[in-house]
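A.B. asks: Residue strings, one per chain:
Number of protein chains: 2
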Amino acid sequence: MTLLLTHRDVERATDIKTQIDRIEQGLLEEARDAVELPPRLNLATTSGFFRVMPAVMRDSGLMGYKVFHGSVQHGVRYLIAVYDEKDGRLLSLMDAAYLTATRTGATTGVATKYMAPPEARTVGVIGSGLEATTNLQAVCAVRPIEAGKVFSPTQANREDFAARMREQLGIALSAVTTPEEAVSGVDIVVVATNTTGVGDLIAYRGKWMETGSHVNSIGSTGLQLREIDAETFQNAERIVVDSRVQMEGESGDLKAAMAAGTYDRAKVTELKEVVAGRAPGRSDSDEITLFKSVGTAIQDVAAGFAVYKEAVRQGLGQDVGEFLELKTF
Amino acid sequence: MTLLLTHRDVERATDIKTQIDRIEQGLLEEARDAVELPPRLNLATTSGFFRVMPAVMRDSGLMGYKVFHGSVQHGVRYLIAVYDEKDGRLLSLMDAAYLTATRTGATTGVATKYMAPPEARTVGVIGSGLEATTNLQAVCAVRPIEAGKVFSPTQANREDFAARMREQLGIALSAVTTPEEAVSGVDIVVVATNTTGVGDLIAYRGKWMETGSHVNSIGSTGLQLREIDAETFQNAERIVVDSRVQMEGESGDLKAAMAAGTYDRAKVTELKEVVAGRAPGRSDSDEITLFKSVGTAIQDVAAGFAVYKEAVRQGLGQDVGEFLELKTF
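So the sequence lines, in the order shown, correspond to chains A and B. Quick note on numbering that gives the first Met the number 0: the first sequence kicks off at 0 and runs consecutively. Quick note on numbering that gives the first Met the number 0: the second sequence kicks off at 0 and runs consecutively.
Do not rely on the hints blindly, as some may be mistaken.
[What the hints assert, rightly or not] Rough simulated footprint, nothing fancy, chain B against chain A, three-plus residues with beta-carbon under 8 Å: (1) 40–46; (2) 62–70; (3) 73–84; (4) 216–225; (5) 244–250; (6) 284–295.
Keep in mind that the hints were calculated from the coordinates and are not lab data. Using N, Cα and C, we set each Cβ at its ideal position, and we do this for glycine too.
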């Protein structure tokens with residue numbers, strides 16, 4: 000059977016801890032070279048883009064792809080397809096808007112687990128959207144967070160976010176009026192925005208970095224987007240990315256840092272290396288660390304499978320049968 | 000709405016002439032540089048492959064992809080997704096096993112229309128499978144074919160094919176006992192096999208080529224497959240391919256011809272150039288011409304859209320609603 004999952008089904012079948020585990024396993028698999036993860040394809044459309052990201056995970060026995068397409072005018076849509084890698088069955092097709100946010104959060108969770116100070120108790124969040132939510136959830140899943148601050152330009156948004164997250168996560172979270180205040184004196188920073196860098200619009204600045212803190216930045220996944228400034232790359236003593244190739248080719252933040260000469264490849268490691276124990280996530284308690292993510296199809300397929308399994312368990316979704324017929328060569 | 004189409008739905012919604020028209024339009028669009036057609040991605044799986052082929056057609060207002068995956072042991076599956084390129088709606092997801100055969104046939108139809116002698120009346124077919132069927136259908140759609148011969152190694156297969164095609168196409172088609180006999184004295188040749196080249200297994204040999212004839216070869220779409228020998232490339236005076244990059248990278252026939260030194264790039268044109276009138280398909284009535292195809296996502300999306308339109312008209316398929324939710328950035 001192939002299971003179709005709507006946005007609502009995916010929401011109901013999502014558990015951030017399960018996704019953190021699945022993605023960590025996926026990264027180990029990537030480190031073992033048991034995956035195929037080609038650079039994703041970005042095709043231009045009349046008003047936007049059509050992005051296709053496939054992956055094969057041989058040890059997990061999974062394969063699939065995400066298609067993310069749209070435009071600023073018409074809006075965007077996300078689809079993830081998950082297949083059984085061994086026998087080729089199409090297990091599920093799912094709306095992946097929510098999943099994209101949770102898998103991004105879950106990946107931050109994995110990075111935070113390996114990179115943040117073990118005793119981290121406080122968090123500063125810049126952004127109040129879905130990605131800010133899932134990233135904060137994931138940080139709280141891997142560290143005993145007790146308190147935090149959130150900044151978002153619109154007062155109602157940051158206050159709603161703080162109230163919602165206090166309730167949901169049981170942490171003392173307050174809304175603050177500047178980004179600098181949000182990230183001042185905290186152990187872990189989460190930057191999760193859609194800022195464009197037009198004018199002086201940068202969400203986070205390297206001069207705010209503090210000794211021993213860990214920063215996660217998950218925006219700027221396109222060349223037109225900016226989120227953290229070039230100085231951030233300079234002040235970070237260790238930088239971990241989810242995909243070096245994708246990062247260097249597609250992130251506006253990286254492009255700017257490379258242009259400014261603040262991006263030192265010698266400081267940069269891929270997350271899979273850290274998870275596999277081949278590189279440290281943090282060398283000592285004073286180190287300033289940065290995790291920067293653009294997203295990979297491994298994250299999508301791993302998290303998509305977790306959602307599919309849970310959806311089956313809960314009886315969610317629409318079973319459209321063996322819709323793809325098996326043929327012989 | 001998104002329309003799910005099964006193998007049977009696709010069969011019922013297929014018309015080879017419509018597909019020939021659609022693919023011809025797609026090739027014109029390709030010639031105008033109004034498409035995005037990146038090299039397809041081939042990912043290795045434990046026992047086979049996972050192939051992802053996306054395309055954007057801006058003038059047609061379409062985009063989509065084919066995913067073709069499987070293995071010799073477990074069998075293969077084909078999926079085509081067709082989207083509205085302007086507003087991003089997912090129009091249809093369809094089983095594309097049958098469609099792959101018909102779009103390959105329809106592409107041969109376009110090539111034959113431009114390359115075969117205008118007065119062609121006879122055809123020789125090597126192969127008796129689904130691709131042989133669709134290719135013969137397409138040839139008969141663009142030329143006033145009256146008679147032909149078919150060879151396939153298994154007697155029952157070639158005789159069944161001849162009987163079925165006589166009935167369906169109203170031509171005098173006879174089964175013959177050697178490939179050479181099948182292609183001797185005919186105006187147009189169709190080679191549509193899955194031969195591997197193991198031992199001496201080549202379906203067609205260049206020494207059989209005759210003055211003024213046109214040969215279509217649509218097998219050998221992987222490096223492990225062989226269909227026509229290296230001499231065929233030498234004896235062909237004009238060679239047209241659907242995708243030069245894909246052909247040179249993925250066809251076992253091309254690899255062998257390049258190794259033998261019989262593949263002369265100066266003789267090779269892409270089909271879009273011929274359809275756009277920028278290169279002739281045939282220079283005179285004596286010329287020996289060869290069309291060789293590996294398949295492109297433009298063919299898939301163009302033909303997929305034709306099937307979708309006809310399925311809507313006939314009320315076929317399963318409407319799964321607006322299964323992908325529209326989001327804003």
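A.B. asks: Now, for every hint given, state plainly whether the structure supports it.
C.D. replies: So, going through the hints one by one against the coordinates:
no.: 1; hint: 40–46; in the structure: holds (count 6)
no.: 2; hint: 62–70; in the structure: holds (count 6)
no.: 3; hint: 73–84; in the structure: holds (count 9)
no.: 4; hint: 216–225; in the structure: violated (count 0)
no.: 5; hint: 244–250; in the structure: violated (count 0)
no.: 6; hint: 284–295; in the structure: violated (count 0)
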